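Protein chains in written order, with our numbering: chain W, 1 to 321; chain Y, 322 to 850; chain H, 851 to 1163.
Any given hint could be a false lead.
Heads up, simulated EDC-like pairs for lysine to aspartate or glutamate below, C-alpha to C-alpha not over 16 Å straight-line [stated by the list, open to error]:
1) W:K171 / Y:E519
2) Y:K608 / Y:E519
3) Y:K637 / H:E914
4) Y:K765 / W:D308
If you are wondering where the hints come from, they were derived from the structure by calculation, not from laboratory data.
Source: prediction; values computed, not measured.
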Amino acid sequence: MLAYLLRRLGQSALVLVAVSLIAFMVFRHIGDPTISLLGEDATLEERAALNSELGFDKPVPLQYLNYVGKVVQGDLGISYRLKRPVSEVITERLPATLELALIASLGALGIGVVLGVYTALRSEGWLSRWVMTVSLVGVSLPTFLIGIGLIYLFAVELRWLPSFGRGTTVKVGGWETGLLTASGWSAIILPAITLGFYNMTLIMRLVRAEMLEVLRSDYIRFGRARGLREKDLYFGHALRNTLIPVITIAGLQIGTLIAFSIVTETVFQWPGVGLLFISSIQGVDVPLIAAYLMFIALLYVVINLLVDFLYLAVDPRLRRR
Amino acid sequence: MLLKLLFTSLLSAGLLTVSGAQAETVRWARASDPTTLDPHSFNTGTNFVLSHQMYETLVTRDAKGKLVPTLATSWKLTADPTVWEFKLRPGVKFHDGAAFTAKDVVFSLQRAKGPTAQVKSLLASMVEVKAVDDLTVHVKTNGPNLIFPDNLTNLFIMNEAWARSKGAETTQDPASSTENFATRNANGTGPYQLVSREQDARTVMKANPQYWGKGQAPLQITELIYLPIKSPATRVAALLSGEVDFAQDIPAQDVARLKQDQRLRINEGPENRSIFLGLNVGGKELKTSSVKGKNPLADARVREAIHLAIDRDAIKRSVMRGLSIPSGMIAPSFVNGYNKAMAAYPKVDVAKAKKLLAEAGYPDGFDLTLHTSNDRYVNDEAISTAIAGFLGRVGIKTSVVARPIAQQSVAINNADIDFYLYGWGVPTYDSAYIFDFLVHTRGKDGRGPTNATGFSNAAVDNDIVALASEADKAKRDQTIARIWDVVQKERFYIPLHDQVIHFASIKRIDVPVHPDNAVLFKDVKLGAK
Amino acid sequence: MSDVIHHPAPARRGWRQSDSPVKRAFARSRTVQVASAVLLLIVLATLLAPWLAWQNPFDSASLELNDAFLPPWSEGGHGAFYALGADDQGRDVASAILYGLRMSVLVGVSAVLLSLCIGVPLGLVAGYAGGWFDTLLMRLADVQLTFPVILVAMLILGIVRGVVPEGVREQVAVLVIILAIALSDWVQYARTVRGAVMVEKQKDYVLAAQLIGRSRSAILGRHILPNLLAPILVIAAISFAHAIVAESTLSYLGVGLPPTQPSLGTLIRIGQSFLFSGEWWILLFPSLVLLALALSVNLVGDWLRDALNPKLQ
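Excised from the complex, chain W in its bound form (with noise of 0.2 Å):
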């Protein structure tokens, strides 16, 4: 088992320095960093002097290096827009989309497994097919469109909830939060119904064929034989058989929410690292986007692990390896 362990560490390894080598490599090829940093109208000297003095004039292979070597240290450079360390910029930004993604990822499971539970227990009813059809029209329509349309309702037309922004926040330690006010949770919900849609229907229907398949096994016809009660049955053991892999699945989801949230940040102007990328892409802000690749590869790297492992202490079928 340690071997095991110790493989799919240097494997994570491995897939962070391809990740970083990609972003990197492309990132060079991608504007120009000189008249980003000295504007329109330097001159061909000064541009010149600043390659040299960021070191773009060395072959590429040094440069590389060079960055690896200093990204190792914890240091990114420093953002051609924001003039400022990228580390910071990235840790400040963090909190915002953290918060919008785990409330997303929590109402996706939470409502997910209700309506998967509920469409696999009545699964021809007219209601649990309604809901079956009502939940692709989520998935069969664009991710910005449903947030602006979210916005036209409950904030233009209703006026309940705020159309942008995070309202007012609260630094805890380090970390600003929104949950902890009356605003800050009027402000996440549109957000996460649109950031968190699509989880949730995944998560519904995979909860429904499992339930479905679980249902229609053994052990349940064996328990109605033994006249267990039908609400003990499903909810003892169907639904615990069902969730493990639910739950593997809805925390890899995690990674992709976070990488998502780039459109539903810029539709909210919800201040996390997703509108910060988009914001970086469009104003050709090297650093930054080579540091987001570089942290999403971080991210799914130590989920997947993690999620390796729980499958390990899980699966005991696993552990003979």
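Chains Y and H: place on chain W using the hints.
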């Protein structure tokens, strides 16, 4: 006893109304957030408009385009025509209590000329600046510069002691990994001081109790909250739902709906910005055209054909919803050198355009790519799509490639582009600014950095350089007219229109549109609640 | 005594009594019948677009800018009739939808096919051969998964712009989108196929084929692959729906198709600027059609998964 009570309460009530202790908060929305609070870092309107609330300049421009004394009370040329003298306003304090003196002006102008300060182009002609006494500054220019004060309307004055003590003597050094203190902190002389700054979320400012203009400016707004809202639909929604009180960057198509809302007021006015097409006339061959071996845009007849093929009135009516000022000149009407006769634009003439193309040797037209930004000018992508239609009608099959302005600027600055949509504002209100950047040969004498057309004319170059040091106004204006004659004749830029912009607000707020899309909130008078 | 054996004519059976579980399920579900009908309609519309639409909205020269923003069911200049209204460039919304459908379907189908061609072979080999190739593929998939479609599209666009000189034409944008969506989707096919192959290769028919001496490619191609068609088909259907919706989001983020050759998704992105301005038809009709298409495909794909799942029979 009762009388005493009555008297005291009346007195206190009276005092309260006299001191105007009503808190007035204005939530102000725009499309983008300044990326830094350092007033010298970037040469963009977005950054300037926020800096104008907290910092101040020597002179400012009012909504009619006139220069107004701000930190300088008067200015004139000394006996030496290369030296300008500025008399400074006494009794001004910075937010941290320090007194404003000539030393701060000298420091700020030198800082603004630093290598990474992108406003340095505004001070290109400045050779030396020195403090004569506490309230007088002399600026020496290289050659007599008649319009030097025009360059100072966006040059903000910082406090030297504060900047030095915080390590902000220069703007951010790109090779350094520590953040410059001025990026997120502000210490100016302006009517508002910084309370908090959250990038892409909000910047909160409160009224400066020690502001020098207390008796002169209304100063009714006590708290100002700057809210960047990137998505145009969300920005309009926020206005409609009552979450913001004042918004700029209103999409043209939403103006009609906003005008109908009884709670809102929409003010409209021309902007000091011209939108036009740039053509690569200098290249031997175009990278994005179907013509091999020669450059179709190098032929004046082809350029004239393009000029005649575009229906500016249709663009105004349909794409801009009536909210543009079609023009035949790439200078907005506010600019010295603008000429109404030159700004006349031709009615669309498809037949003549086709004839010209045939004469030039392209009876069946050719293919071409138009590059445009999609997030900078009002309806920029839609304008380009419409132009593709017009050009297609005369045989020039045009593809449109739309991208963010940052990427478009890079291509223009590298002169790696054939046919592009561009816009240009003129902060100095003088044609020399246009010539220096867009007409002069690229890369010579530090001029022409955004001239991607490849147009190069030595005589015109000499004229342009002469403008910076011509002391006689009449002669200078003549030279300007002469340069415009060439620009209009050669048509390597095809003018489209001047932009019209809007300020949308709740009814209480009435701010007339400023041609530079700027707002000075100290001057805003609030109507009745 | 006759040697001829008479068999009574078999009674005509509808799909409800069919031997195929798929046909039985189809006959039972009204929703899927409707969805399939919609799909068929849309496929027809896509094929017949040039004949059904009176205007070619991709030909900028044929647009009449003066007709812009005409409401639905109105007449424009030169007797043109705008059944669903006109958009901001004077495009007939109905024609734009028909041609946009073609673009969307083109992008979706190409992306799915490309994904399939990458993912299925890789999954087959990884599942069958195992060993270092399998490990490599799984780690490659991990790297791929760190880049969701949005990031991939932007990366590819960046590469294209950096590597390909400025002679970039509009057509490249289509290729970039297709490539981006395909690259972010191939992992599902690879993983599913790999998992299924690992199960199948323990089965008797594979062992038998190996004993006979059949080559690996024959085993994979002729024996195992046909058993995997069902799950592959299901994934393909759902990825197709995902692809056409994703294209719209990519357009919103600035990496979409050019505005002169809009797909349905791009029309929606252009239309969202008119949500508050009163010209609702520019946004509503393309959205409804995209919804109908994606929803139908999702419904059919979903139902197919249930119908083909032997554990649910």
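| field | Hint consistency between K637 of chain Y and E914 of chain H [alpha-carbon to alpha-carbon, up to 16 Å] | value | holds (14 Å)
| query | Taking 16 Å as the top limit, are the C-alpha atoms of K608 of chain Y and E519 of chain Y close enough? | reply | At roughly 44 Å apart (the allowed maximum being 16 Å), E519 of chain Y and K608 of chain Y break the hint.
| query | Going straight from one Cα to the other, do K171 of chain W and E519 of chain Y come out at no more than 16 Å? | reply | holds (13 Å)
| query | Within a Cα-Cα threshold of 16 Å, do K765 of chain Y and D308 of chain W meet the stated pairing? | reply | violated (62 Å)
Checked against the numbered hints above, the structure breaks hints 2, 4 and satisfies the rest.
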